[in-house]
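Guided by the hints, dock chains B, C and D onto chain A, whose structure is given.
Residue numbers (my numbering), protein chains in the order written: chain A, 1 to 367; chain B, 1 to 367; chain C, 1 to 367; chain D, 1 to 367.
Worth flagging that the hints you see were computed from the coordinates, not collected in a lab.
The model shown is predicted, which means the values in this text are computed figures rather than measured ones.
Among these hints, one or two may not hold up.
Note that the list lumps identical chains together, so a pair holds whenever it fits in one copy or between two copies.
In silico lysine to aspartate or glutamate, DMTMM-like type, Cα no more than 25 Å apart, as pairs [said to hold, decoys possible]: (1) 112 with 65; (2) 331 with 111; (3) 61 with 99; (4) 112 with 157; (5) 331 with 203; (6) 331 with 71; (7) 331 with 193; (8) 331 with 173; (9) 61 with 322.
In case you want the letters, here they are:
There are 4 protein chains.
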Amino acid sequence: MGNTFGHTFAITTFGESHGGGVGVVIDGLPARLNIDLDHIQTELDRRRPGQSRLTTQRDEKDLVEILSGVEGGASTGAPLAMLVRNADARSGAYDHLRELYRPSHADFTYDKKYGNRTIAGGGRSSARETIGRVAAGAVGMQLLDALAARSGSAPPEILSWVDQVHSTAASVDEDTVSSLQIEADPTRCPDPDAAAAMTSAIEQARRDGDSLGGAVRTVVRNMPLGLGEPVFDRLEADLAKAMLSLPATKGFEVGSGFDAITMTGRTHNDPFVPGADGVPTTRSNHSGGVQGGISNGAPLRFRTAFKPTATISSEQDTVTVDNTATTLAAKGRHDPCVLPRAVPMVDAMTALVLADHTLRQLRHNLL
Amino acid sequence: MGNTFGHTFAITTFGESHGGGVGVVIDGLPARLNIDLDHIQTELDRRRPGQSRLTTQRDEKDLVEILSGVEGGASTGAPLAMLVRNADARSGAYDHLRELYRPSHADFTYDKKYGNRTIAGGGRSSARETIGRVAAGAVGMQLLDALAARSGSAPPEILSWVDQVHSTAASVDEDTVSSLQIEADPTRCPDPDAAAAMTSAIEQARRDGDSLGGAVRTVVRNMPLGLGEPVFDRLEADLAKAMLSLPATKGFEVGSGFDAITMTGRTHNDPFVPGADGVPTTRSNHSGGVQGGISNGAPLRFRTAFKPTATISSEQDTVTVDNTATTLAAKGRHDPCVLPRAVPMVDAMTALVLADHTLRQLRHNLL
Amino acid sequence: MGNTFGHTFAITTFGESHGGGVGVVIDGLPARLNIDLDHIQTELDRRRPGQSRLTTQRDEKDLVEILSGVEGGASTGAPLAMLVRNADARSGAYDHLRELYRPSHADFTYDKKYGNRTIAGGGRSSARETIGRVAAGAVGMQLLDALAARSGSAPPEILSWVDQVHSTAASVDEDTVSSLQIEADPTRCPDPDAAAAMTSAIEQARRDGDSLGGAVRTVVRNMPLGLGEPVFDRLEADLAKAMLSLPATKGFEVGSGFDAITMTGRTHNDPFVPGADGVPTTRSNHSGGVQGGISNGAPLRFRTAFKPTATISSEQDTVTVDNTATTLAAKGRHDPCVLPRAVPMVDAMTALVLADHTLRQLRHNLL
Amino acid sequence: MGNTFGHTFAITTFGESHGGGVGVVIDGLPARLNIDLDHIQTELDRRRPGQSRLTTQRDEKDLVEILSGVEGGASTGAPLAMLVRNADARSGAYDHLRELYRPSHADFTYDKKYGNRTIAGGGRSSARETIGRVAAGAVGMQLLDALAARSGSAPPEILSWVDQVHSTAASVDEDTVSSLQIEADPTRCPDPDAAAAMTSAIEQARRDGDSLGGAVRTVVRNMPLGLGEPVFDRLEADLAKAMLSLPATKGFEVGSGFDAITMTGRTHNDPFVPGADGVPTTRSNHSGGVQGGISNGAPLRFRTAFKPTATISSEQDTVTVDNTATTLAAKGRHDPCVLPRAVPMVDAMTALVLADHTLRQLRHNLL
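With the rest of the complex left out, here is chain A (with noise of 0.2 Å):
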């Protein structure tokens, strides 16, 4: 259970980093929304190790195939699977690992569960799984594009990025920070100074056999006014379980955040002033964008925390599956660093709520 995310636009994804292949069904796509393939493949691109060498240097291909729900270029409104294969499925690299539990991996608690460890290569709790959640986001994105651009407005602009490496943290300017920038370095940190930084310490990390935490930023920028349903689908709630449900992320934030705790109503609150158009806004944002559970249409703005990979290539204790204490030392190359590969499964992740909540509130257009 648990496999499908999203009440409205619901998709329900299925495989693991062993076996035929990692997708994902769309239920509750709209028909006659033309879908881009280029697209969807350039985020799972965005998404794949390898792609430079801040990352884990298995070269996959990750070719997406649409299995059902497109005709001529455009959703029937029937269900939209996509599927991308497994190219070398290679468990026998992790036989080594299939008598002792991995310390912070998911060996142990799916032994314990399912009876089983699904070991080659992490399973289900690898980040391979996460391959159908980017392919459905992007499938998002194209659907609040194209919404958007039929209402005549601009679509909403989701950018996330490499906030914080270990002890490196970036400035940025969240008013103009653009997919451009971020794109530019393979840390996917929009702040050049900060992103060399991290570079030096990733490479660091991956010499001492290593592994860093980190954290990504979130901003939306024209964000529809009226997202989010009260009072347990919040948009920030629904946000902090797409976030957490996301593999090694420990904490989640909206606005304010974390800071909040030392502020006082005063500072916090966000007075409204008139806006241009008649409606108004708020002179600060504490609130990210978010009011009552519902945007407010001010940018959407939210950190989520990483942890340092669990896999790291040093000595490590643990036990056997039968309770004694050894020792691992992992073979192979590790990624020492997740945050880069990080930011399009947040931005999937963020799209896949935006597009739920998007038509959850049109009900509310028609009286």
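Showing chains B, C and D alone in chain A's frame:
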């Protein structure tokens, strides 16, 4: 939409601060659970304003009535519905607020989304909405206790407390803190020194017409192993959604949380060590009791950030519904810090998530 | 579980014939719908027993109270909750039934599934449970009317009537039958001759301590084109579920229904003919207004079969809860034919399905 | 929307007769179920056209591939995805149909709802869509078998057969009919005389360019007691939905079904009699194995009506997409009777409903 939470143990809440009452329908409760009405009322009393000089001084009685689903003191398998009447609607008290938008309240977004504001007392965005959650959460706790008793294990012990108010952070031993210690002070902070400082700060804020942010920390001891459904319904993802669905929350972190950003894999990974009963445990608990989205038997650990209450009694800039600048000087008393009352809400949402996942997990014990 | 119906316009019912009351929570209602409380009460009155000499002679007042979701006479976008109090629990009246299983009631299965029987008046399996559905169905009708008015089209006209009682079948012109004709007779059969014969048969059954089966026929005129979601949520599939979820139902057929068995494609197919307004129509309507699971604009036509009421006053063989043979001679008056009261229940379930699918369909009008 | 079925054992199907393939994702399967791929393929072969001279003579291979969720022959707890490739899209074969609406097909309604017709082979409304259901249904059967084996009880025996084709009705002993008898004849009618008459009728219909309606009858022996969730998810309500979601179905009845209309309570009620094992049984089974929405341990009995196939080869009146009268003379061979192929579809949907309710029922065994 969005008023149902949970998949297999599902609650639907209804009601707002005006109108006939607030309540909840629980669908999915196993039959033959002894229902302790006193305990439900106790939890409701914990969230009630007017309990001490620290909180809102209205006197809400909040007496709960079970409408259905219980016979002879035990659940029947039918939906358990509970109702708390609104004693005093007093919507007239809010009349002066109808013509303007209160900063950082839901007035503006409700107005734009629904074409109305249900202004009286905050409507559905009011803390009063949480009555249904707290009542249902108490039933969830009773279910967890009964299931543990049946299996001969210690029941999950859900303990939330006020961890920080503005700049005052508590120092609490997570392994030993008790419900008694938490309830000993109106702040619900089990560190007496911090509690005293928090009390002073809250009283000062009241005098200043201001309000304070803070954080609630939660630990669940005696956690069952195996709760959580990869990939979207990971235990921490559902908890994140649960907490961010509470009014005034701005952030959620599990285990190491945002501190993970500046850690490395070597220090963050939780080494497995042989467990006394044949089940491995971990030396540290940066994971917060969850690995791969599934509980690993270690204590569940998370923290929730709350913004300062939006209602303050000092003057603020805002706009009228006609987009004209004005000022707002709230009348009457206000609650300068929601944190003490938030504790039972966090407890309740935690219990709901655990109850749901406990029932969802049953299938994997069959084969 | 199983107490929620609908996806996008979702209702959750609660309550049983004993206890505090029965009711419903509607989640998903668009904001700004004018709520006509009198109409809701009228629909409830239609399903109430004791309306005439033909039905159960208890006097249930069934006054509905709106608990939440309405302000100033219009829906707010929040859950609309409604409650009908149980005036007189009188569970003592059922005490003599506690020690045996009533044939073809839910006593035995509830006992085995839940370990209890909620015996008083039939508990959740009682017709009283349908109060919540009928109240919500009235709101669904109001929504359909308002949406039609907005779009300048005639509102869907949902008309159900008693089509057959035991061996007496009505002869009714589906194209012209009106609500007035249906309500003209306590049988809710718009064929006066058949109504008279049904009345005699029902009175005779009462004298015999027996009960009678029957059928309700439904037609919906002014059907919108395009409602229904292939493949599982076809319009007829959701209607079938809706009707079979009503107490005492044994069958559902749409369009030609079971008569289709003995037809051939040549006679069954509905030839398209050019429509006056540029939209093709069909010459016949064996499809019942649904093709491929989607409404085609022709009148929706279906029929629901009801078994004879299980409660009869003549003596029956049965067993005690200890599996010992005994006999049951029911005391008091009984309702020898549920059909007249079933009509508003069928109307309500139809309205709920149409309202849900109307909201689900919105997405396909966007691009 | 509407492509997911089931609550706790949920399937999502995708695919149409053109495009890359059709398939299914099962979410909610317990871990450690041994998956018998041969059995899945056997069920798919049963639904395949071209099995005999009685059915469509295309040769679809329909080889199923498990994409995920199985390792070492057993379910892992992750989604089990299956794919059947479309061997030969041949959408050109349907080109002549693009300009007109085929009577009683989904062409018109799909066109109006979605703005497209996915004409090739019927698209999502094609019987080919049922491949995913049949594959998932086979897994459902395996689950039911494994759970019964675990509990030491006989597995539910799901038996569907062709009960009637046009005017030829079979005479079958429901207590003794076996799978072997059903599969003995290409008609899937276990009454040899009726089977012979059906075969003649079907061959005559083919020669006439016509098609025939019919009915499938289902009995489930060894039914577990206690399946079904009042009030909306009654076992018969979910079965009704399941059957009415199959292409070409027009009606569903359980137990006495439409015959109940002309019965009285005295004859319809199923008297309880003491059971040999201490559990009461019933003397008759007009209830069809379900009382109050919950299985009572007696055999489940229901019947599903199918209309004559819409595709016939004789000339028919219809209109063009421009609303102009024309005639359609279908080219190529057609399937004059879908009934034999419908049998495995009904079996599969039955298995899915039972598997879902078996898992939903688990909670009530806890306390």
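Results of checking the hints against the structure:
With identical chains, the CA atoms of residue 112 and residue 65 are never at most 25 Å apart, being 35 Å at best within one copy and 28 Å at best between copies. For the identical chains of this complex, residue 331 and residue 111 are intra-copy neighbours only, at 22 Å inside a copy versus 57 Å across copies, given an alpha-carbon limit of 25 Å. For a Cα distance limit of 25 Å, the shortest separation of residue 61 from residue 99 qualifies neither inside one copy, at 30 Å, nor across copies, at 41 Å. For a Cα distance limit of 25 Å, the shortest separation of residue 112 from residue 157 across copies, 21 Å, qualifies, whereas the shortest one inside one copy, 42 Å, does not.
Only within a single protomer do residue 331 and residue 203 lie at most 25 Å apart by alpha-carbon distance; the minimum there is 18 Å, versus 59 Å between protomers. When the C-alpha separation of residue 331 and residue 71 is checked against a cutoff of 25 Å, the pair qualifies only between copies, where the shortest distance is 24 Å, while the shortest distance within a copy is 46 Å. Taking the shortest alpha-carbon separations for residue 331 and residue 193, neither the intra-copy value of 33 Å nor the inter-copy value of 50 Å comes in at or below 25 Å. For the homomeric pair residue 331 and residue 173, neither the shortest alpha-carbon distance inside one copy (41 Å) nor that between copies (39 Å) is at most 25 Å.
Proximity of residue 61 to residue 322 under the C-alpha cut-off of 25 Å is found in neither arrangement, the shortest distances being 38 Å within a copy and 46 Å between copies.
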